[in-house]
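**Student:** Sequence:
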Amino acid sequence: MGKRTKLYEAAKQLGEVALGKRPADLIIRDGVLVNVFTGELLEHTDVVISGDRIALVGKARKEHEGPNTKVIEANGQYLVPGLIDGHMHVESTMLSVTEFSKAALAKGTTTVFMDPHEIANVFGIEGVRYMHEEGQQLPLKVYTTFPSCVPATDDLEDAGASLTVADIQEGLTWENVQGLGEVMNFPGVVHGDSKMHGEIAETIKADKTVTGHFPSEDPYALQAYIAAGVTSDHETIAKEDALAKLRAGLHVQIREGSAWRDVKEVIKVITEYNVDTRNISLVTDDVYPETLITKGHMNHVVRRAIEEGLDPVTAIQLATINSARYFHMENDIGSISAGKFADLLLIEDLQQMEASTVIADGSIQFEKGELQQVFPVYTYPDAVRSSVHLAREMKADDFLHRTNRPDGEVKVNVVKAIEGSARTEKMTASLQVKDGAVHIDKKQDIIHLTCIERHKGTGQISNVFVHGFQFQHGAVASTVAHDSHNLLVMGVDREDMAIAANRLAEIGGGLVAVRNGEVLAELPMPIAGLMSDQPLETVVEQVSNLVKAWENLGCSITDPIMTFSLIALAVIPEIRVTNRGLADVTTFELIDVVISE
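Counting in the numbering used here, the sequence shown runs from 1 upward without gaps.
In case anyone wonders, no lab produced these hints; they're calculated from the structure. Keep in mind the model is a prediction, meaning the values are calculated, not measured. Each residue gets a CB set at the ideal place from its N, CA and C atoms; glycine is no exception. Hints are all accurate, no fakes.
Taking lysine to any residue and the SDA-like style, the derived pairs with C-alpha atoms no more than 20 Å apart in a straight line are:
1) K264 x I237
2) K416 x T586
3) K239 x R278
4) K368 x D30
5) K62 x D25
6) K208 x N331
7) K59 x E73
8) K195 x I226
9) K264 x T291
10) K416 x E589
11) K59 x L41
12) K12 x A338
13) K268 x E308
14) K70 x D52
15) K426 x I595
16) K456 x P526
17) K6 x N331
18) K208 x I125
19) K416 x D441
20) K548 x E522
Ranges between beta-carbon positions, derived for each pair:
21) T558 x N176: 35 to 43 Å
22) T379 x V165: 27 to 35 Å
23) P406 x E217: 46 to 54 Å
24) N176 x E354: 27 to 35 Å
25) G408 x I237: 43 to 51 Å
26) A396 x T428: 20 to 28 Å
Kindly produce the complete structure, drawing on both the sequences and the hints.
**Tutor:** Written out as structure tokens, the structure reads:
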């Protein structure tokens, strides 16, 4: 893809094309314009395009058409601005930025603002650079918000890298880095943490956007958070909280991803409270591969808003011009109007939001059910494709929790997974000690859970116990373990646990399920142990095989793979496993597995 033109570079030529002094490259004729400025539907509208920008919206004349002008007959289809995702993590799709862009463009998304904080936890500023560079060569507009909280916690775990204020300062100078990634450490912001305030200060100095993450309901903390310079939140799950944040001046990003589905409740801030919608937008946050195929991307989020009673044009505004304005980029994206990048969709039915044609930068990207462009190949360095570093080959006995207690019964702290939730609960149970080790109890659904440091090969291992996954056989392992992404292993058979861990080290990370010494299913993720290098359809098939394998091991809960990947997330209560041990997230302290009498 060639370099996009700046408006000042194209302005003179656009003016000449608009006046008919120079022919257009592309004309879209006779569509119904979705005007996101006025909220109107304007019939019999033409769009005249020169290069990668729009020269005229209105009625094309014969002077606009030359011998090399391509003409698309819209035949009354709606002309919708290219959809914008104002907050998302490409790593959650399990795809490379390139493969994700193919899926997104086919569904009508032409711009994303990605926060690559997962790869940042593995490779730091260089990991962010790789994903950002990959995004710059694509027809999908990929803007980056530079990760703000790496690692997520300093005292409970060890990530592969960390980011400093100086790193953020440097990253903000890169072209198309548009702001600071979600500021998850809201307690740090509220209580004056110098690193967080330093990052925010550098972003404001660079005249970039400070994006937020504020799940608290404390009104005083909210005021302190906004006063520090944070301007948005995508963690709102209740209409009352949305109203409070909007009243306080925060931009509310309503999320509808694969696991976190907030549109149904939060859209009521518009449909019931009838608030001004200019400071509200729609985002995905985290979308899984299957969702991209079966439901879509931003078009699915817009459709969900419409299904919940929102006017279609308003829903489209929330996924276009509102996001553009939030990032102060409305002069380039977010609308179909003169001077803007030529990003637009032809859609027959606004209720369904399925594009028949997708145009980005004035080029047809998707038409007749197929992508129309050849995408460039981006090659990651070998080090990124070899990111699982274990001190040695794992053995079955590595997964025992050792104790100096005599044989008999002991009480232990257990991580209780909650189906369909990112949260966990701390529970206690009685387990048997035999030959200096605490043993699992399948009848109580209490099984092995292990976290192995995988970034620097330190050999650090923590063995704890987990409840809620219902395993009766085998083991699973993953290098997707938010946010530090160490190696997680869980199961009832320690031989299978060793096989699973060693297999991921062999293939460069990913997900694997093992039973009776046999690999039932796997999803290699050689890009930082977080992303596949395969096409979307292949990844979807591999994920489907993994889900079946988990069921084969006895697990029948909803979204088990996502629940497992969050079991080490030491910033969400109540209790988590990390490479350092068992973390109580209500006190931010490491606690003993075996409870002292």
